[in-house]
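Protein chains: 2
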Amino acid sequence: MEATFDPASLTYNDAGLIPAIAQDEAGEVLMMAWMNAQSLAETLETGRVTYWSRSRQSFWRKGESSGHVQTLIDFRVDCDRDTILLIVRQEGPACHTNRRSCFYTAIRDGAEVELMTPIA
Amino acid sequence: MEATFDPASLTYNDAGLIPAIAQDEAGEVLMMAWMNAQSLAETLETGRVTYWSRSRQSFWRKGESSGHVQTLIDFRVDCDRDTILLIVRQEGPACHTNRRSCFYTAIRDGAEVELMTPIA
Chain U
1 MEATFDPASL TYNDAGLIPA IAQDEAGEVL MMAWMNAQSL AETLETGRVT
51 YWSRSRQSFW RKGESSGHVQ TLIDFRVDCD RDTILLIVRQ EGPACHTNRR
101 SCFYTAIRDG AEVELMTPIA
Chain F
1 MEATFDPASL TYNDAGLIPA IAQDEAGEVL MMAWMNAQSL AETLETGRVT
51 YWSRSRQSFW RKGESSGHVQ TLIDFRVDCD RDTILLIVRQ EGPACHTNRR
101 SCFYTAIRDG AEVELMTPIA
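Residue numbers (the UniProt record's numbering), protein chains in the order written: chain U, 1 to 120; chain F, 1 to 120.
Errors might be hidden in some of the hints.
[To be verified] According to the in silico footprint, chain U covers these stretches of chain F (three or more CB under 8 Å from chain U):
| hint | segment |
| --- | --- |
| 1 | 23-32 |
| 2 | 36-44 |
| 3 | 55-64 |
| 4 | 77-89 |
| 5 | 94-102 |
FYI, nobody ran anything at the bench for these hints, they're computed from the structure.
For every residue, glycine included, the Cβ atom is placed at its ideal position computed from N, Cα and C.
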């Protein structure tokens with residue numbers, strides 16, 4: 001089944017945003033951020049992942065200042081059309097703490113355990 | 001660094017919810033759903049993944065009716081403490097459409113492409 005994709009066919013929240021999970025090609029989940037319909041369209045058009053920054057209320061072209069760009073490999077939507085999964089090629093660390101992934105803290109036996117150290 | 005984990009230390013949205021990504025041990029991202037502080041605590045206590053159903057406004061003990069339970073392998077929080085990554089062992093399909101993952105639709109060259117068929 002093939003149908004033309006319309007970004008308006010997705011379900012956005014009250015702020016016009018949809019969560020986007022970034023996973024690298026090897027399978028590591030790197031981060032979760034938000035997109036609006038425009039950043040989503042830009043991501044598909046350019047092949048460079050662009051989020052919407054809720055704190056800055058502006059486009060967030062991942063890596064624009066840090067160089068840690070995400071190149072889009074595949075773009076997937078879920079059954080409810082309210083979440084996106086991006087398969088990406090990540091340049092350097094995805095996390096602003098300089099770790100490969102933002103999910104570097106595990107909860108084990110009631111305690112927080114740090115799984116990754118910042119990339120030197 | 002080890003610190004006792006307090007579910008109240010996470011950032012929940014205005015509805016008291018936090019997004020939780022479920023990834024299976026082999027690396028496949030299965031779904032994204034929401035938790036509140038109570039379902040999160042129950043998940044950590046029981047080792048069975050429990051979400052909060054926004055549509056039913058009730059606990060959603062994954063697999064309770066379908067048998068497609070998620071057993072918690074590891075529980076991770078991100079740098080901003082506003083997203084959870086669950087590493088799980090998934091019994092059967094994770095998706096209510098009977099597909100292994102909810103992310104079975106790819107957008108390629110402007111068209112929707114179905115990547116998985118329902119498990120028989």
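Here is how each hint holds up against the structure:
1. 23-32: holds (count 7)
2. 36-44: Coverage by chain U is violated here, the residue count being 1 at a Cβ distance below 8 Å.
3. 55-64: With 0 residues in contact (Cβ-Cβ under 8 Å with chain U), the coverage given for the segment 55-64 of chain F is violated.
4. 77-89: Coverage by chain U holds here, the residue count being 6 at a Cβ distance below 8 Å.
5. 94-102: holds (count 5)
In this structure, the earlier hints numbered 2 and 3 are contradicted, and the remaining ones agree with it.
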